[in-house]
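Novice: Keeping their order, the protein sequence lines are chains E and A. Quick note on the working numbering: the first sequence kicks off at 37 and runs consecutively. Quick note on the working numbering: the second sequence kicks off at -8 and runs consecutively.
Derived by calculation from the structure, the hints in this document are not laboratory data. Predicted model, so just to flag it, every value in this text is computed and none were measured. We put the beta carbon where it would ideally sit given N, CA and C, even for glycine. Among these hints, one or two may not hold up.
[Said to hold, decoys possible] Once the Cα atoms are required to be at most 20 Å apart in a straight line, the calculated SDA-like pairs of lysine to any residue come out as:
id: 1; chain 1: A; residue 1: Lys1; chain 2: A; residue 2: Glu193
id: 2; chain 1: A; residue 1: Lys106; chain 2: E; residue 2: Gln205
id: 3; chain 1: A; residue 1: Lys25; chain 2: A; residue 2: Tyr59
id: 4; chain 1: A; residue 1: Lys100; chain 2: E; residue 2: Ser202
id: 5; chain 1: A; residue 1: Lys100; chain 2: E; residue 2: Gln205
[Claimed, not checked] From the derived model, a few chain E residues whose C-beta atoms are all more than 10 Å from chain A:
id: 6; residue: Phe84
id: 7; residue: Glu191
id: 8; residue: Ser198
id: 9; residue: Leu201
id: 10; residue: Met277
id: 11; residue: Pro419
id: 12; residue: Leu427
id: 13; residue: Arg452
id: 14; residue: Ala461
id: 15; residue: Ser530
id: 16; residue: Leu537
id: 17; residue: Asn611
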Amino acid sequence: MALIPRTTIEKTKTSVIYLVLFMGLVYLVVGVYKGGVHLAELKAETVFLPDLPGAILLSFLRMLASYVASLLFAFIFGLIAARTRMGERFILPLLDILQSIPVVAFFPAAISFFIGISNGNRIGVEMAAIFLIFTSQAWNMAFSVYESVRAIPAENEEAVASFGLSPSQRFLRLYLPASIPRLIYNSVLSWSKGWFFLVACEIIAVGPVKYNLPGIGSFLAKAAEQENTSLVIWGIFGLSMVILFLDLFIWKPLIVWSERFKQDSTSNQDEEDVGIFLNLPKTLASRLKFLSEPLLKIITIFISPIRWLLRDIALPILWDFPAALAYGLFREISRPVEPMIVRTQKIRSAIGYFALGFLIIFFCFYAWNWLKGPLPMVIRDIPISIFYSTLRIAVALTISFLWILPLVYFTWNRPRIRMMLTTVAQLGASLPATALFPLIILVGVKKMGGGMDLATLVLLTFGIQWYVLFNAISGSALIPSDLIDATRSFGLSSFATFRKLVFPAIRPALITGAITAWGGGWNALVVSEYISVKDQVMKVKGLGSLLSHSVYELGDGKSITIIILVMVAWILFVNMLLWQPLYHRNLEKYKLS
Amino acid sequence: MSNEAIIEMKNVSKRFLLPQGEVTVLDKISFQAKEGEFITLVGPSGAGKSTLLRLLIGLMHPSSGEIYYQGKLQRGMNDECSMVFQNFGLLPWLSVMQNIELGLEPRIKDSSERKEIVNRYVSKVGLEGYEEAYPRELSGGMKQRVGLARALAVEPSLLLMDEPFSSLDVLTSINLRNELLDIWSDRDNVVNTMIMVTHNIEEAIELSDRIIVLSNRPGQIVGDIKIDLPRPRRKRDKQFIEYVDRVFSLLA
């Protein structure tokens, strides 16, 4: 077996091209922004407890808007990626790249575009914030639509096509229902990620430009600035209640409801693909049925006129018309895909290569112009920053393993406790760790005098431990009982059983957790290495703080571009050289089939 | 039985571009189906039988050659055809009624009219009492009844079937075969021309007027046999066995 799978190399090649193109775009956008938009700072007011419900409501509405936009994005791009050859070649690597770009990197684009075009009024700032939340929610949802549509059995596709259903009928009958199970799992994930970054997105700053939007994120930040610990705790409590409510009364019932949209044979497969929410406990959901069933009925009553409007009026207009327009370009969306298209393919890929070639030439020309100028100062700090940040993630991962492995040792053979643990962990994971930042800063750093290094580590661990925990728990739940019995029959001690059976069995799951944590860790790092409270900035050396510094203080496009380029390249590099081979080797050796 | 050709293939070839290169699946296929005929296509797996059906209905397009439906050159989907699939092709999130209704949606706007038609075909294929069930709750035989009802409900003039009985157990498929013959010979039905793919030679002889035998890849027509036996046909009849031998010798 080759050390690195061929497909990984292929994918990485396309990804690199994209990364380069994307960076060009960021730099262009930042350049435009530097050209002139200048905005006055919103007044920082004092917040009080009665502001809390309003703040939570505003934040919730922002999340909702971003979620709706993410849904639209997911369907459009997921479908194009799934149903066209070009889409699969180009959209998937693009999504892969976008997924590993930290939210902060989108700040300049958000500011210059949304705030710039609206001349800095409130609507523009809102749009910018929604866009930023969107960048944390949309990509995995698009992936889930792509995977769902690809998983539709060929005969179902053909059956629907053979009756000549219109594109909107096909969407409603086939693509939409087929996407529902994965999309709901991923929506849960996206909402978690959204809450996590919401706190950062309500305070938008690039260089001299700074914006505060009323919401729970800025409420917490201001309460921390006022050094009012009880107000911070109230804020966290209020937010937790909302998240808990959404979890129990919206997501859990929806997950139960989505069961009916699963394909007959693939019901187990689906659950394996959804990342950290591997086994959402269905028992809790079924126990709450007496509450969720009537709620669903009420929702259905409210939804039916909306559904009528969408289905009979909006969709034919919004979907059939563009689909007819796009018919020539993306024939496959409105037509069944043949296994291969012989003639048209060559022409189309020629156009694709021509466009790509043009873009690359354009970019080289432009990169040359760019390199001629002096390089920014921050470049010198990059190598040492990479070292510190990587070390920090490694330590956070180690800490996670240190408390999670003993936990697995005590719970792997106690299903009831494991179930409870999963529920608690899910609630813990859905609470945004970023909301705790002000508290940790206030109490941990200021009152108790802990160092900022320690605070960063705590925040980071809070952000990434869940990836490891969920994978470890679900991995240990999947150990076949006959293996357990067999090990038992030899009279092995419980520690020996853990060492010989449980640990090897959960190794692939642990590695999956570590990979996910590695990717998500960088995003969390950017938020936790650099925190500004009042006018005081607290930061530690690291790539994340370097990026935040370039965005918040310098607003310098060149530095931002270089740092993101280095960061994403480093993430991909380690993925390719360390995680992927490690994962494949372990899967081969320890797979329980 | 009239002598009109309902559908005709002229020199149709189909090539696929696969990672290992271009593969010719069907090579210069020409044949006619007359109105009222029951034709079966047999051949080794990989002979392109299923591809041929998909070309006939318009799910795929010929790489070269033409297909004529009632004398007209065919492009795109043929909406006077419908198809029954090997693994049923039922949507798991739709009930039996809704699955049957699916094909009617683009054709009939009035939903009560659709319901009426659906009910007629539900009773025709013996699905009464299962209207609200979901596919996962049904046995294979019941699922294929839904597949059949869905294909018949659009009242096609040509019914295409892709190994409709091969994922069913023996007894169920015997029952369904008889019901299919009843539907075919029932003059009340619009559909009286059927083309079916099978790999079961006895099934082909039992059901059809004509057997078209395809060779291994690239698929070419190597035999076109008229079955001149009165119905119902019995497998142990001498003539039946002779036909089996003839088809076998063409395949070997």
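Novice: All the hints need checking, so say for each whether the structure fits it.
Specialist: Verification of the supplied hints:
1. Between Lys1(A) and Glu193(A), the direct Cα distance comes to roughly 28 Å. Violation of the 20 Å bound is thereby established for this hinted pair.
2. Distance restraint check for Lys106(A) and Gln205(E): the Cα-Cα separation of roughly 18 Å lies within the 20 Å cut-off, and the hinted pair is therefore satisfied.
3. Restraint check: the Cα-Cα separation between Lys25(A) and Tyr59(A) comes to about 12 Å, which is no more than 20 Å; the hinted pair holds.
4. Taking the CA atoms of Lys100(A) and Ser202(E), the gap is about 13 Å. The hint holds against a cut of 20 Å.
5. Between Lys100(A) and Gln205(E) the CA atoms are separated by roughly 12 Å; this keeps the pair inside 20 Å, and the hint holds.
6. Against chain A, the non-interface label of Phe84(E) holds: every CB pair exceeds 10 Å, the least being about 49 Å.
7. At the 10 Å boundary, the C-beta of Glu191(E) falls inside the reach of chain A, the nearest C-beta of that chain being 4 Å off.
8. Not every beta carbon of chain A lies more than 10 Å from that of Ser198(E), the smallest distance being close to 5 Å; the non-interface claim is violated.
9. At the 10 Å boundary, the C-beta of Leu201(E) falls inside the reach of chain A, the nearest C-beta of that chain being 5 Å off.
10. For Met277(E), the non-interface assignment is confirmed: its Cβ lies about 34 Å from the closest Cβ of chain A, beyond the 10 Å cut-off.
11. For Pro419(E), the condition that its CB be more than 10 Å from all CB atoms of chain A holds, with the nearest at approximately 42 Å.
12. Every CB of chain A is more than 10 Å from the CB of Leu427(E) (nearest about 44 Å), matching its label as outside the interface.
13. At the 10 Å boundary, the C-beta of Arg452(E) stays outside the reach of chain A, the nearest C-beta of that chain being 30 Å off.
14. With a least CB separation of 31 Å from chain A, Ala461(E) remains clear of the 10 Å interface cut-off, as annotated.
15. With a closest Cβ-Cβ approach of about 41 Å to chain A, Ser530(E) is found to remain outside the 10 Å limit, as its non-interface label requires.
16. No Cβ of chain A approaches the Cβ of Leu537(E) within 10 Å, the least distance being about 35 Å, so the stated non-interface status holds.
17. Look at Asn611(E): its CB is around 26 Å from the nearest CB on chain A, clear of 10 Å, so calling it non-interface holds up.
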